[in-house]
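So the sequences go chain by chain: U and Z. The working numbering puts the first residue of the first sequence at 1, with every later residue one more than the last. The working numbering puts the first residue of the second sequence at 195, with every later residue one more than the last.
Calculated directly from the structure, the hints in this document are not laboratory data. Since we're looking at a predicted model, the values are computed, not measured. Take every hint as true, because none was put in to throw you off.
Derived BS3-like pairs: lysine-lysine, alpha-carbon spacing no greater than 25 Å straight-line:
{"id": "1", "chain 1": "U", "residue 1": "43", "chain 2": "Z", "residue 2": "241"}
{"id": "2", "chain 1": "U", "residue 1": "58", "chain 2": "U", "residue 2": "94"}
{"id": "3", "chain 1": "U", "residue 1": "121", "chain 2": "Z", "residue 2": "241"}
DEER-style ranges, computed between Cβ atoms:
{"id": "4", "chain 1": "Z", "residue 1": "227", "chain 2": "U", "residue 2": "92", "range": "46 to 56 Å"}
{"id": "5", "chain 1": "Z", "residue 1": "245", "chain 2": "U", "residue 2": "67", "range": "25 to 35 Å"}
{"id": "6", "chain 1": "U", "residue 1": "6", "chain 2": "Z", "residue 2": "262", "range": "14 to 24 Å"}
{"id": "7", "chain 1": "Z", "residue 1": "228", "chain 2": "U", "residue 2": "66", "range": "54 to 64 Å"}
Residues from chain Z that keep clear of chain U, each with C-beta distances beyond 10 Å, as calculated:
{"id": "8", "residue": "198"}
{"id": "9", "residue": "199"}
{"id": "10", "residue": "216"}
{"id": "11", "residue": "217"}
{"id": "12", "residue": "218"}
{"id": "13", "residue": "219"}
{"id": "14", "residue": "221"}
{"id": "15", "residue": "222"}
{"id": "16", "residue": "225"}
{"id": "17", "residue": "226"}
{"id": "18", "residue": "228"}
Glycine included, C-beta positions come from ideal geometry on N, C-alpha and C.
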Amino acid sequence: MCKEQKNDQELVSEFLKGNEGTLQELIIRHERKIFTSIYLLVKDRDLANDIFQETFIKVIKTLRSGNYNEEGKFLSWVLRIGHNLVIDHFRSLKRMPMVHDTEEYSVFDTIPLEDINIEDKMIAEQIQSTVRAMIEQLPYDQREVVIMRHFANMSFKEIADATGVSINTSLGRMRYALINLRKLIQEKNIVLSM
Amino acid sequence: MKETITFNHLVLYLYNETELSDSVFVQKAIDHHEEISDEFQQLVTVKNLINNCTMHASASSIETVLAYATLTAPLQKNMYS
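Isolated chain Z, as found in the complex (with noise of 0.2 Å):
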């Protein structure tokens, strides 16, 4: 068993990436180590805040796929009986 916890372990549990024994092992460094729990605190937020900021495509630009989409459809079977 590991005896000490590194910025890694942090991350990797931060992204839900360690096995199963390094969350008890992480979990348990974070339940008894107010400094390690602030620190992985500190890095939700900054994972929260990165999740948080994206953005928008314009408008036309959806459009412009969209439409581009539609001009080169393959021909459908004729529709009409």
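In isolation and in its complexed conformation, chain U is listed as follows (with noise of 0.2 Å):
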């Protein structure tokens, strides 16, 4: 029989009260999507699995000091931990990846195709690298929307309030980065069927 499933703010709660294993549940829960945010902004791996666990000790940290009060919005705010300690990362090698909105972006010439006769599960983890290679390529703040819009769930007012632009401007963002990733898969001619 399926136990329900219970929410964020239930795991936490029980983490608070000293049930160290609903931890894990919220981690197996979000980590796709907190690594993967993490991921398409510093572009590697060993390095987003670091921030990955750095957020998640400020994460049990700020549990633990009862100032967390995001009710409904675990998901958004373990991201926006994730996204601060990755600005900290590139402040301390002073390379903050400050890039203008665009619609021109160099074609991506290096994303590499299998051989067509792979496994269906070879197939759909090929697609996705190359998707994720696609957005790597984007510019930072069309990236930022889009981890912002997809992985944290965030409206296009949130994004705007966090980001300090008008909603206008996320949409914009959001605009310039769904046509940049549809021409990559056009001029790329890659079948992205799954």
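Put the two chains together into one complex; each comes in its own frame, and the hints tell you how they fit.
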């Protein structure tokens, strides 16, 4: 019989009462979105794993300090922490990726195309990898809005507030991101059916 | 009522952020204009591809986090009565 799934807030409450197992459930529930969001910003798997760990350590510390008050928005809160840690990382390297909005981008020439005679799972993995590689090529602000909308489930108004721009600007960045990704897919004539 | 549909309308509709009246307006445009329908379908494809491109953190990263949580857990009340 299927146990009714607890929501994030319930899991957080149980964690704070000493049920450490609920943390694992929270991580399993959200780790893909959180890790992918970090990875798409830093473009390095090892670094993304480091920041992923730092993110959750900060999450644990904040929860235990009693300073968590993001009821119903656990995922977007964690993603904000991760995002800020990414920014801290770039600042420490003095290499903040300041890229301006533009429709133009250099065509991504190094997408590896696998032989078409591979198992469905490998095909799906390759497609996912290819799509991630395309997202990585987007200008930073377009990548950021894609991450916030898709993985943090933030509305365009929330994205605008979080990034300090107007809603039209955040919509425009998403518009360009979608147009650019579509262009990449078409130019590479990649079969992306899943 | 808006007379022309814009790309921003399609984006908002794609992400379910339109008001009801705008949703009706956009859906009508999609239903009655092949070009708009094609455009929208392409956006749906791109959106679905993004949603499906997530990847896992390493197992060791997750283990490290869980180990940290366990090692730093506040002392519980005495479990032995």
